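Taking the hints into account, I'd like the entire structure generated from these sequences.
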Amino acid sequence: MNAPVPSDPITTSVEPGEGVARYPGWLLAPGLCWAVLFFFVPLLIVFAVSFAARGTYGGVVWTFRLANYADLLHPLYFRIFAQSILFAAVTTALCLLLGFPLAYYIARLPRRRQGIWLMLVMIPFWTNFLVRTYAWMFILRTEGVMNRLLIGAGLIDAPIELLYSDGAVVLGLVYGYLPFMVLPLYAAVERLDPALVEAAWDLYASRWSVFRRVVLPLTKPGVIAGCLLVFIPSLGAFITPDLLGGARSMMVGNLIQHEYLVVRDWPLGSALSFVLMGFLIVAMAVYYRVDAGMDRQGSQP
Amino acid sequence: MIRRRVWLQGMSLGNVLFLYLPIAVLVLFSFNASRLSATWQGFTLKWYAALAEDRALLAATWNSLLVAVVSTVLATGLGVAVALGLERLGSRSRRVIEGAMLLPLVVPEIMMGVALMLFFVLIKLPLGLPTVIIGHTAFNLPLVMVIVRARLGKLDPRLEEAASDLGATPWQVFRRVTFPLLRPAVVGAALMAFTVSLDDFIVTFFTAGPGSTTLPLKVYSMIKSGVSPEINALSAILVLVSMGLVGLSLAVQRVSDT
Amino acid sequence: MADCSVETRDLVKRHGSTAAVDHVSLQIKRGEFFSILGPSGAGKTSVLRLLAGFERPDEGEILIEDRPMTGVPPNRRPVNLVFQSYALFPHLTVFQNIAFGLEMRRLPREEIESRVQAALEMVRLGKQRARYPSQLSGGEQQRVALARALVNRPAVVLLDEPLAALDQQLRQEMQVELKAIQEQVGVTMVCVTHHQEEALTMSDRVAVMDRGRVLQVGRPHEIYDAPVSLFVARFIGLSNELTGSVVTLENGMCGVDPSGLHPSRPIRVRCLYNVALGDRVTVVLRPERVRLSTETRPSGDENVLEARVEKAIYSGHELHYLLRLSDHVLWKARVANGAGDRKRFAAGERVFIRWSADEGVVLRA
Chain A
1 MNAPVPSDPI TTSVEPGEGV ARYPGWLLAP GLCWAVLFFF VPLLIVFAVS
51 FAARGTYGGV VWTFRLANYA DLLHPLYFRI FAQSILFAAV TTALCLLLGF
101 PLAYYIARLP RRRQGIWLML VMIPFWTNFL VRTYAWMFIL RTEGVMNRLL
151 IGAGLIDAPI ELLYSDGAVV LGLVYGYLPF MVLPLYAAVE RLDPALVEAA
201 WDLYASRWSV FRRVVLPLTK PGVIAGCLLV FIPSLGAFIT PDLLGGARSM
251 MVGNLIQHEY LVVRDWPLGS ALSFVLMGFL IVAMAVYYRV DAGMDRQGSQ
301 P
Chain B
1001 MIRRRVWLQG MSLGNVLFLY LPIAVLVLFS FNASRLSATW QGFTLKWYAA
1051 LAEDRALLAA TWNSLLVAVV STVLATGLGV AVALGLERLG SRSRRVIEGA
1101 MLLPLVVPEI MMGVALMLFF VLIKLPLGLP TVIIGHTAFN LPLVMVIVRA
1151 RLGKLDPRLE EAASDLGATP WQVFRRVTFP LLRPAVVGAA LMAFTVSLDD
1201 FIVTFFTAGP GSTTLPLKVY SMIKSGVSPE INALSAILVL VSMGLVGLSL
1251 AVQRVSDT
Chain C
2001 MADCSVETRD LVKRHGSTAA VDHVSLQIKR GEFFSILGPS GAGKTSVLRL
2051 LAGFERPDEG EILIEDRPMT GVPPNRRPVN LVFQSYALFP HLTVFQNIAF
2101 GLEMRRLPRE EIESRVQAAL EMVRLGKQRA RYPSQLSGGE QQRVALARAL
2151 VNRPAVVLLD EPLAALDQQL RQEMQVELKA IQEQVGVTMV CVTHHQEEAL
2201 TMSDRVAVMD RGRVLQVGRP HEIYDAPVSL FVARFIGLSN ELTGSVVTLE
2251 NGMCGVDPSG LHPSRPIRVR CLYNVALGDR VTVVLRPERV RLSTETRPSG
2301 DENVLEARVE KAIYSGHELH YLLRLSDHVL WKARVANGAG DRKRFAAGER
2351 VFIRWSADEG VVLRA
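The listed protein sequences derive, respectively, from chains A, B and C. Going by this note's numbering, the first residue of the first sequence is number 1, and it counts up by one from there. Going by this note's numbering, the first residue of the second sequence is number 1001, and it counts up by one from there. Going by this note's numbering, the first residue of the third sequence is number 2001, and it counts up by one from there.
FYI, nobody ran anything at the bench for these hints, they're computed from the structure. Values in this document were obtained by computation on a predicted structure and should not be read as measured data. Virtual Cβ for every residue (Gly too), placed ideally from N, Cα, C. No false leads were slipped in.
Okay, the calculated bits of chain A under chain C, using three or more residues with CB under 8 angstroms as the criterion:
#, region
1, 189-201
2, 204-211
3, 214-222
What follows is the structure in structure tokens.
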């Protein structure tokens, strides 16, 4: 499971000139080489392959053709992409709705208690993603706990198909990525001066106005960071739709896996991967631009 | 604000419960005597016992541990080195390189998995435990780097200056002042990397060959065969181990913050 | 009371087992500049927050313009608070900050425009309307915070240590300006501060608080010249003290025999409060009332005590003397420079302290 650490931007207090004499530059080399060799180069290869052609038995025939990308415009692929974006967007929205109150609550706690709550929120995230997804399989299946509860409460008569549906996929995604939303939101709310909320209240604002006119604009960077941290992994999700989704709940991640390992059309798979990358780069660019805009003003203009 | 607080508190508790409940249910039913039923049929440990007998499972566990240990050692070594080496750079190049090094954490795992697979195939390196280790190191490296750099940022540079002023050579400053202060973060990062490696599925899925099945891969194939209480039991164990390791990692790092 | 703008009745607020506000009853008149003065922890900020509605009292009532405020949230009270940190919205311009309260009450655009512009001009920030708080100086931010409260024409404006963040020079200017604005607008202002000079300068009346209780309410000169307790006497300005027992009592004047000292006759002091013969009391005298001379004999109602000058400190417009009356008693005197006929005394000299009976105050020890 990817393990992004949604913390504040990393800076050290050391000014550029100060650290020069202390750590030798060659320390950077091994790590950088590893990253280049086993991360950047492979990504470049994928990029290159996306323009190649498929060999007869799988494998790659090196040519240059844009057909792979063109193929992606086929309604079938298009639908899957659109569906992935939809799922990711819904997941992000739900995470925001659930995560904001939680983040706000934690940020307003006395400092000592904040740490415990944050830990509580983060720990599930660090456990095995497969296991967490399986948990929902276990609960949502027709003989599972959820159906039993619903029948027992008299809400339904017979077990309903909860699993293998779009809803189950979104549920799994929200469950998996909620902690990612909470942390940046918490950081943003924590920075908000509580006197500002009181001042707005003192100036006749209703609770909703306080949120909309003061809290939200001033926590915008955190909101955006949280949304990106949820949207990006959700878009590329694989396990969740694979285990919780039905045949029609396929997402880009599944498609990529399908192309690579089942159909063995690596060029197409690579093209898919890179279109996915494209979305992510766009999303990140948006984030950086908004973030930079914030720094210049010191707040929202 | 007081009425609102109660509502907020309730919702927050609900959220946290939402996060833990599925796992709790899973663990609970790993002790359920019935194989399929969702109702409680009695307490038993037989599913756990069954796990102990499963040869393939034990082999997968061994693989997982091996991969985790090796990739953690590599990632920690490389990650700490990079974290320190970044100190050398001017702030602009530092930002760029740091940002680039963080990319593996941001890119969806499936892309990394697929890219590595292609890479290994094209350089004709057969897929097996070594390739898995390489992949794990690749995504654990930034993780270690981030954790160590965060700690480095909180270090008071005047401590090192004081040591220098008292006659210590750069190496001595590092060995006697900087590293002891960094050590909790390094240990914490290593524990974190170990946990992530143990739990990883997607990258492993694409970089493992036959005979190099890890625990998550085995769990996946078990799940694909259908829900069963053995999986519950295995999941319970995995969850406990992960939580324990992460709790330990955070505790170690927290101690250093005093 | 009909002309009462703010009234608290037996207000109690507890934090844990201690009472931050302990049965506080105040009546603040309309149009008054009222200060609540006290050391930190006295409970004055708590009173302010209770008035604003950010906290609910455990006991007691609050009435604003004769309307009870129990259960009324801050956004529905005719009260506006100027925060100690100003709490200006960083993402809004000066204009938008000031207009905020008016917008929340959905006033028409033209009215908002005219009222905000008028408020800006009243605090002399007419040209800054498009700037952001981060671009303003501390004094300017404070004026924006004030305008933001005043523009809503509330019944009461509350101020939490308004001048605390300003430097000395600015502080004194703002004291004058704040008072001028208050008089011009005629709004009731309740100001919380720990700075006694400020409270005395600006206020029509002052309430002195300590540990949750109101010790004395009165006009500045009453608080200063006729404190009801040692705490008030010591908190407001410097005080010289003498302890002793009451030996004579007649016509509102008592005679006190000071312990450790031997004046030619008992110290004569006004008795404002109930004192009985034989009570142990403290005589309090302000440093500026102490006159130094070489004359030994008291005349009329004067008191004379012998002392030795321990230190003479030049302080620009004043001379500060430290005068030792006995092993245990050290007094301070402040003598204004400039009166050419005043003799200057040097350290080590023997002098006679004089003051008249109606200048001191006697308090229970």
